[in-house]
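There are 2 protein chains.
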Amino acid sequence: MEKSAEKTKKKIDISPRAKEMPASPIRKTEPYAIEAMKRGIMVYGLNVGQPDIETPHVFFDAVRNFPNKVVAYQRSQGDSDYLAALVGYYKGCGYNVTEKDIIVTTGGSEAIIFAMQAVASVGDEIIVFEPFYTNYNGYAVMCGVKLVPVTSKAEDGYHLPPKADILAKITSRTRAILVCTPNNPTGTVLKRSEMKMLAEIALEKNLFLISDEVYREFVYEGEHTGVLEFPEIADRAILLDSVSKRYSLCGARIGCVVSKNADVIGVCIRFGQARLCSPTLEQYGTTALTKLPKSYFDEIHAEYKRRRDVTVDALQKMDGVLCRKPSGAFYIMAKLPIRDTDEFAQWMLTDFQMHKETVRVAPGAGFYATPGLGKDEIRLAYVLEVPRLKRAMEVLEAGIKEYRGKHA
Amino acid sequence: MEKSAEKTKKKIDISPRAKEMPASPIRKTEPYAIEAMKRGIMVYGLNVGQPDIETPHVFFDAVRNFPNKVVAYQRSQGDSDYLAALVGYYKGCGYNVTEKDIIVTTGGSEAIIFAMQAVASVGDEIIVFEPFYTNYNGYAVMCGVKLVPVTSKAEDGYHLPPKADILAKITSRTRAILVCTPNNPTGTVLKRSEMKMLAEIALEKNLFLISDEVYREFVYEGEHTGVLEFPEIADRAILLDSVSKRYSLCGARIGCVVSKNADVIGVCIRFGQARLCSPTLEQYGTTALTKLPKSYFDEIHAEYKRRRDVTVDALQKMDGVLCRKPSGAFYIMAKLPIRDTDEFAQWMLTDFQMHKETVRVAPGAGFYATPGLGKDEIRLAYVLEVPRLKRAMEVLEAGIKEYRGKHA
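Protein sequence lines correspond, in order, to chains W and G. Residue 83 is where the first sequence starts when you use the working numbering, and the numbers rise one by one after that. Residue 83 is where the second sequence starts when you use the working numbering, and the numbers rise one by one after that.
Since the hints were derived computationally from the structure, they do not count as laboratory data. Among these hints, one or two may not hold up.
One copy or two, it doesn't matter: identical chains are merged, so the pair holds either way.
Taking lysine to any residue and the SDA-like style, the derived pairs with C-alpha atoms no more than 25 Å apart in a straight line are [as the list claims (entries may be wrong)]:
(1) 399 with 421
(2) 101 with 230
(3) 93 with 203
(4) 151 with 235
Build out the structure end to end from the sequences listed, making use of the hints.
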């Protein structure tokens, strides 16, 4: 290329949509964590919901015995055997769904994206309860959908705000309410009366009710209420699911959308045809997992309950730290005596260590849509064994203390 | 629910965006194919680019020896070992890229979606050459992007139209040109001079040049020219890739985006963080594949060339069928003496059989954006062994003849 052309060459820029795309608060500290590890520091990763529980060996056994010589495209709707297995799994949950009500997705992530696009056009609005799973923000940017937050408060245990507060946010562009129970990031398990209220609003305002229930099995007090338990909204209920947490299988990228609304599943299949299929080998392996006995979850359940108790006890003893004991999932939102947890989370990786150890946390602001909220909060995922969790809490406490001393 | 409420209940509808979402012409005949198979009919699947070549055993060996006990999330950018292996693979292609120029995606599909969203906001335009890979239509609907087609003609061997025709379609909303070489669905391998022309336009009009090169290894005459071979557009060149065809690994869902534009890779990583990661186990297995010797492709290459020749020879002998011998990929667009190939493709599955056999083809209209074009064309994927391909061509010929007799 000639010099003159080089001089006149315009700078090319990514799209405004792309610039709007947020980095995940759960993952954006990765470069600092990698650098810390390079310096020989042990990083307790409480930022991400990556369980350390072993993936059940039946999954590996199945994958090892994959019978085909070609890893071919699977059906866009999902492996027929896996769809049949899912019908059985949901039957065990008390849900009467058939294969035509389900599409297998590439993780719960794709399930959310498909559901958003199915119900909302560009510029449409979806009601969410903040704090919410931070990646909803990213999916909304990708889909051109506006998330309208209704704030749930720590002092109410992050339970839903009164009906009037929700109704006040509904406009002519509102297409759906998106709820998550058991909740990520708060761990709150919604009561039947709360889900019932949402079902009523969905009927009154003619909205879809999209429910992210990937933590269904992780309830320590009370019980899970699913969106499919309200037959009066069968035409507008959309269940989002994933095996990532259920079977400690985050890297498999296998989720699903379930709905009795044939148009919803129909368009999700068309979205699915465009991306061809979800991973073939992983669907094969996951099919074997659906035959695990319920007792598998009993053990997991007891283990996470111990982890929760250890984490909450430690947090509640820390000076200036506020948190409540959540009833489900494996997350805790905690309020720290720190003004900017974004800065703190980075500092823990770049500047802090205690005997060559530190803790990686997810700063809270990214879990809110309302500017300014959550800046003094963090989300912790209690996904390590009890002794390591206990140690991580000691290191975190020391970190908070040192940070406050330096940033008073 | 009370009866009165039931009566007043409004019908809930999917979004206008969702209604716009097209079914894939490659996959939409699936229900008819399944029904045909249930009736005991053997269906030759020439509709989809699903190679019958065995996935190399090194992939299965690696997956069987996956060393971890948890199938955990992988990094959003991709497995570090796999990124390093990709750098080596591209070095072999003559491309000097580093790990920071690459993000691993969940198939080539996600690579296209990420690239579209990175360069275009809702309502922006991307130039494509029709016929084009039909799923671009679906991704465009999902991303709210408008595809602006420039028609390439069968009589020109589907090579690019003159520069003036392309310039004429560029508006203030145009953000990129999306090209595919070797081409799906035409098999055309673009000449260096054609890619050079696109690079010039990208510079003159300040556009991105997005190049889908997943069939790089499948060139039977001439040679492949990649978008990364033009240093003057390094800031605006985006390579889309996938291992699906290269290693007969369609079901693994492993692709990537490669660009020297750090903002492009940066936002793709943010998109990637939202969807967490691409499949862990499959990335591990695919890393092993990048060590395959070049001789692996030599054999594959010779096999596909034989298949192409058999298919083209058979098509050219059929009464009223027009097609040219393409130089790459494993697809052929053929013009049939039939007015509506959508109807024909369905009829082949619902009404036709020859000795209990039939052929599944992809109707052509879905590969065009201009209404009315491609209605008398089909796309064939020559992905079966030679004897089966020969037989499939006999069955197709008989089908065309019978259909014409009935729909004259």
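Exercise. Where does the structure disagree with the numbered hints, that is, which hint numbers, in rising order?
Worked result: As far as the earlier hints go, only 4 is violated by this structure.
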